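Protein sequence lines, in the order shown, are assigned to chains W and P.
If you count the first sequence from 1, position 3 lands on 3 in my numbering, and the numbers rise without skipping.
If you count the second sequence from 1, position 202 lands on 202 in my numbering, and the numbers rise without skipping.
Treat the hints as calculated values from the structure; they're not laboratory data.
Remember, it's a predicted structure, so these values are computed and weren't measured experimentally.
We put the CB at the ideal spot given by N, CA and C, even for glycine.
Hints may be right or wrong, so weigh each one.
[Said to hold, decoys possible] Here are the simulated lysine-lysine pairs, BS3-like style, with alpha carbons at most 25 Å apart:
no., chain 1, residue 1, chain 2, residue 2
1, P, 146, W, 93
2, P, 95, W, 147
3, P, 205, W, 205
4, W, 146, P, 119
5, W, 95, P, 147
6, W, 119, P, 292
7, W, 39, W, 292
8, W, 67, W, 93
9, W, 293, W, 95
10, W, 146, P, 146
11, P, 119, P, 203
12, W, 39, W, 67
13, W, 203, P, 212
14, P, 146, W, 147
15, P, 146, W, 212
16, P, 119, W, 180
17, P, 147, W, 180
18, P, 203, W, 212
19, W, 180, W, 205
20, P, 292, W, 180
21, P, 95, P, 180
22, P, 93, W, 146
23, P, 180, W, 95
24, P, 203, W, 146
25, W, 293, W, 146
[As the list claims (entries may be wrong)] Label pairs and their calculated CB-CB ranges:
no., chain 1, residue 1, chain 2, residue 2, range
26, P, 192, W, 86, 24 to 32 Å
27, W, 92, P, 59, 49 to 57 Å
28, P, 117, W, 91, 29 to 37 Å
29, W, 162, P, 250, 39 to 47 Å
30, P, 244, W, 202, 34 to 42 Å
31, P, 261, W, 202, 31 to 39 Å
32, W, 162, P, 212, 30 to 38 Å
33, P, 147, W, 66, 51 to 59 Å
34, W, 59, P, 102, 49 to 57 Å
35, W, 202, P, 66, 43 to 51 Å
36, W, 290, P, 79, 34 to 42 Å
37, W, 28, P, 59, 51 to 59 Å
[What the hints assert, rightly or not] Taking beta-carbon pairs under 10 Å as the criterion, some of the chain P residues facing chain W (in silico):
no., residue
38, 119
39, 122
40, 123
There are 2 protein chains.
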Amino acid sequence: MIGIISSLLKKLWGEIMSVVIDGTELCSTIQDTIKADIKNCMIRPSVAVIQVGDSISGQYFSSKKEKVCSSVGIYFRSYKFEDGTPELTIINKIKELNNDEYVNGIIIELPLPVQYNEKRIINTISNGKDVEGMTDINVGRFINGKKALIPCTALAVDYILSQNNIQVAGKNVVVVGRGKATGRPIANMLLSRDATVTICHSKTKSLAEYTKNADILISATGIPCIIKEDMVKDGAVVIDVGISGFNDSVVGDVDFDKVSKKASYITTVENGVNTVALAMLLQNIILCYNTKKNK
Amino acid sequence: MIGIISSLLKKLWGEIMSVVIDGTELCSTIQDTIKADIKNCMIRPSVAVIQVGDSISGQYFSSKKEKVCSSVGIYFRSYKFEDGTPELTIINKIKELNNDEYVNGIIIELPLPVQYNEKRIINTISNGKDVEGMTDINVGRFINGKKALIPCTALAVDYILSQNNIQVAGKNVVVVGRGKATGRPIANMLLSRDATVTICHSKTKSLAEYTKNADILISATGIPCIIKEDMVKDGAVVIDVGISGFNDSVVGDVDFDKVSKKASYITTVENGVNTVALAMLLQNIILCYNTKKNK
Chain W
1 MIGIISSLLK
11 KLWGEIMSVV
21 IDGTELCSTI
31 QDTIKADIKN
41 CMIRPSVAVI
51 QVGDSISGQY
61 FSSKKEKVCS
71 SVGIYFRSYK
81 FEDGTPELTI
91 INKIKELNND
101 EYVNGIIIEL
111 PLPVQYNEKR
121 IINTISNGKD
131 VEGMTDINVG
141 RFINGKKALI
151 PCTALAVDYI
161 LSQNNIQVAG
171 KNVVVVGRGK
181 ATGRPIANML
191 LSRDATVTIC
201 HSKTKSLAEY
211 TKNADILISA
221 TGIPCIIKED
231 MVKDGAVVID
241 VGISGFNDSV
251 VGDVDFDKVS
261 KKASYITTVE
271 NGVNTVALAM
281 LLQNIILCYN
291 TKKNK
Chain P
1 MIGIISSLLK
11 KLWGEIMSVV
21 IDGTELCSTI
31 QDTIKADIKN
41 CMIRPSVAVI
51 QVGDSISGQY
61 FSSKKEKVCS
71 SVGIYFRSYK
81 FEDGTPELTI
91 INKIKELNND
101 EYVNGIIIEL
111 PLPVQYNEKR
121 IINTISNGKD
131 VEGMTDINVG
141 RFINGKKALI
151 PCTALAVDYI
161 LSQNNIQVAG
171 KNVVVVGRGK
181 ATGRPIANML
191 LSRDATVTIC
201 HSKTKSLAEY
211 TKNADILISA
221 TGIPCIIKED
231 MVKDGAVVID
241 VGISGFNDSV
251 VGDVDFDKVS
261 KKASYITTVE
271 NGVNTVALAM
281 LLQNIILCYN
291 TKKNK
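Please model the entire structure based on the sequences and the hints provided.
This is the structure in structure tokens:
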């Protein structure tokens, strides 16, 4: 339906304007509510972020998290380990944080340098403090349709769609990318919302054949401008989860300038999914804080 | 490539003949090996099946499992509870079986009558005895790419494809059905084999638009003959996981007589995925038995 209307509009006016989703505006109420709630807390909620090595992306995401946590009053602890630190040192730090009653959430900045056993390190996090929804038990509970801590990007995509009243049930949704923190949980989230979901990735042949038919196209590859104008259907909803660059400015998966002339709704890289995902992270931290408090 | 060859053959001879996969033949080596191994065991491997109520499908599957287990020498215990038995009685039976060192695998015949908390009951099974790969932790480990007990139908589909040298990487795979024991794990399995995977289900609009493009079409709905001739591409591989009927004879998801004239490979309902899945169940039981033995 969106497609037909936008095609008609395009015929009438030559070109349509997308609704560009404003992540900051979309989340302002969430942040204001959390901020107001924390003002009344005797003990502030707290999150610990562990970085290993000095990757630019790790620093970028960690500093974004620190900023948003500080803005609402969540106490932010940062632990930085040099690349080469023994794995056991990191494991022991996580165990210490698991046992620290004043820590509500634990985040490991991924990817870790290759020599580390990422799965083992992630699964050391207590399930109740796994605010990015990465442990086996949280993933299994999410897939099995049970209460779980869910990856923030999946929550963000769901929130963006629902807040814009974009119907998902029965739609052709194409997710490009199958990362454990992004593509896969996003696909699972939209499948649970009754979308017909296709997962494309680096081994997909003729990617455009899939993307061109998508009512809702979600790209989460981290490959700059992989989604071009001729790969998108008129009137499609285009959600850009990918982010790369980090040196001077960040770049998304979507060729925004051109694709925005075809899409009905579109997100930007600076103020889209990743901005909303930060608000979802705040919600997950508060969820862990309240669960602990009510025990 | 398969599609091109079969189209050419069809042009030459008017109609192609499918390779009809013989599940029994495909698994004979597995069963023979397990049987020979068990002959040398002082303590036989053992599996317990719990049935609640008297559904025809539960009786059908349970008796199939009993037969195949007996044929290789796995000790089979059957526990039947009337519909209406208190949930705690079933939970306590599972706990008893978890603690019984002579029980290697525990199976709950699904679906349970509606008043039972299926998720709670399944997650009472010890992860190391969950031979149908249904607990949250086994599902999470499987999704996260770790060693796990994997649902038998997903293993069966993977085995059928690999034993017939059917390439999966890069192929357009369409899975119809999103059940937790069938469609979802099959989709995850083939995604891990680098297929581009689309998951269709009851809310999918224009199902045929997806199935017609599938290189490999897998149907797991339990709706008799939902997959018709005009929904299948020439030369496609068609795997029928669905099974219904159970009174006089079982019926599959695929209109076999007609679809087999278009498919390059096809399975039957009587001697296809479900037959291979029983062999995979034997392998899972032996895996649990050996894991325990080596502890």
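Against the structure, the hints:
A hinted pair counts as satisfied when its Cα atoms are at most 25 Å apart, and residue 146 of chain P with residue 93 of chain W qualifies at roughly 23 Å. Of the supplied pair hints, the one linking residue 95 of chain P and residue 147 of chain W holds, its CA atoms being roughly 23 Å apart against a limit of 25 Å. In summary, the hint linking residue 205 of chain P to residue 205 of chain W is supported, as the alpha carbons are separated by about 24 Å, within the 25 Å threshold. Restraint check: the Cα-Cα separation between residue 146 of chain W and residue 119 of chain P comes to about 8 Å, which is no more than 25 Å; the hinted pair holds.
At most 25 Å may separate the alpha-carbon atoms for a hinted pair to count; residue 95 of chain W and residue 147 of chain P meet this at roughly 23 Å. Between residue 119 of chain W and residue 292 of chain P the CA atoms are separated by roughly 23 Å; this keeps the pair inside 25 Å, and the hint holds. Note on residue 39 of chain W and residue 292 of chain W: the hinted pairing holds, with a Cα-Cα distance of about 18 Å set against a maximum of 25 Å. Using a Cα cut-off of 25 Å, the hinted pair residue 67 of chain W and residue 93 of chain W holds, with the two alpha carbons roughly 23 Å apart.
Annotation: proposed proximity of residue 293 of chain W to residue 95 of chain W holds, straight-line Cα distance about 20 Å (limit 25 Å). A hinted pair counts as satisfied when its Cα atoms are at most 25 Å apart, and residue 146 of chain W with residue 146 of chain P qualifies at roughly 21 Å. Annotation: proposed proximity of residue 119 of chain P to residue 203 of chain P holds, straight-line Cα distance about 23 Å (limit 25 Å). In summary, the hint linking residue 39 of chain W to residue 67 of chain W is supported, as the alpha carbons are separated by about 17 Å, within the 25 Å threshold.
Using a Cα cut-off of 25 Å, the hinted pair residue 203 of chain W and residue 212 of chain P holds, with the two alpha carbons roughly 21 Å apart. Restraint check: the Cα-Cα separation between residue 146 of chain P and residue 147 of chain W comes to about 22 Å, which is no more than 25 Å; the hinted pair holds. Distance check on the hinted pair: residue 146 of chain P and residue 212 of chain W sit about 34 Å apart at the alpha-carbon level, beyond 25 Å; violated. With a CA separation close to 24 Å, the supplied pair residue 119 of chain P and residue 180 of chain W stays within the 25 Å bound.
Proposed proximity of residue 147 of chain P and residue 180 of chain W is supported: the alpha carbons are some 16 Å apart, at most 25 Å. Under the criterion of a C-alpha separation no larger than 25 Å, the hint pairing residue 203 of chain P with residue 212 of chain W is consistent with the structure, at around 21 Å. Among the hinted pairs, residue 180 of chain W with residue 205 of chain W is consistent with the structure: their alpha-carbon atoms are about 21 Å apart, no more than 25 Å. This hinted pair does not check out: residue 292 of chain P and residue 180 of chain W have alpha carbons roughly 30 Å apart, beyond 25 Å.
This hinted pair checks out: residue 95 of chain P and residue 180 of chain P have alpha carbons roughly 23 Å apart, not beyond 25 Å. A distance of roughly 23 Å separates the Cα atoms of residue 93 of chain P and residue 146 of chain W; the hinted pair therefore holds under the 25 Å criterion. About 33 Å separates the Cα atoms of residue 180 of chain P and residue 95 of chain W, which puts this hinted pair outside 25 Å; it is violated. At most 25 Å may separate the alpha-carbon atoms for a hinted pair to count; residue 203 of chain P and residue 146 of chain W meet this at roughly 21 Å.
With a C-alpha separation of about 21 Å, the suggested pair residue 293 of chain W and residue 146 of chain W falls inside the 25 Å cut-off, and the hint holds. Here the CB-CB span from residue 192 of chain P to residue 86 of chain W is close to 31 Å, well matched to the stated 24 to 32 Å. A beta carbon spacing of about 53 Å between residue 92 of chain W and residue 59 of chain P agrees with the range 49 to 57 Å that was offered as a hint. Range check, residue 117 of chain P to residue 91 of chain W: about 35 Å between beta-carbon atoms, so the 29 to 37 Å window is met.
For the pair residue 162 of chain W and residue 250 of chain P, the beta carbons lie near 41 Å from each other, so the given range of 39 to 47 Å is met. For the hinted restraint 34 to 42 Å between residue 244 of chain P and residue 202 of chain W, the CB-CB distance of approximately 38 Å keeps it satisfied. Checked against the given bound of 31 to 39 Å, the beta carbons of residue 261 of chain P and residue 202 of chain W, roughly 36 Å apart, stay inside it. Here the CB-CB span from residue 162 of chain W to residue 212 of chain P is close to 31 Å, well matched to the stated 30 to 38 Å.
Between residue 147 of chain P and residue 66 of chain W the beta carbon distance is about 36 Å. The supplied range of 51 to 59 Å is therefore violated. Checking the proposed 49 to 57 Å range against residue 59 of chain W and residue 102 of chain P shows it holds: the Cβ atoms sit about 55 Å from each other. Between residue 202 of chain W and residue 66 of chain P the Cβ separation comes to about 45 Å, which falls inside the hinted range of 43 to 51 Å. Distance hint check for residue 290 of chain W and residue 79 of chain P: the Cβ-Cβ separation is about 40 Å, which falls inside the suggested range of 34 to 42 Å.
A C-beta distance of roughly 58 Å is found between residue 28 of chain W and residue 59 of chain P, which places it inside the suggested range of 51 to 59 Å. The criterion of a C-beta within 10 Å of any C-beta in chain W is met by residue 119 of chain P, whose closest approach is roughly 6 Å, and the hint holds. Hint on residue 122 of chain P holds. Least Cβ distance to chain W is approximately 8 Å, under the 10 Å limit. Among the interface hints, the one on residue 123 of chain P holds; its C-beta lies about 8 Å from the nearest C-beta in chain W, closer than the 10 Å criterion.
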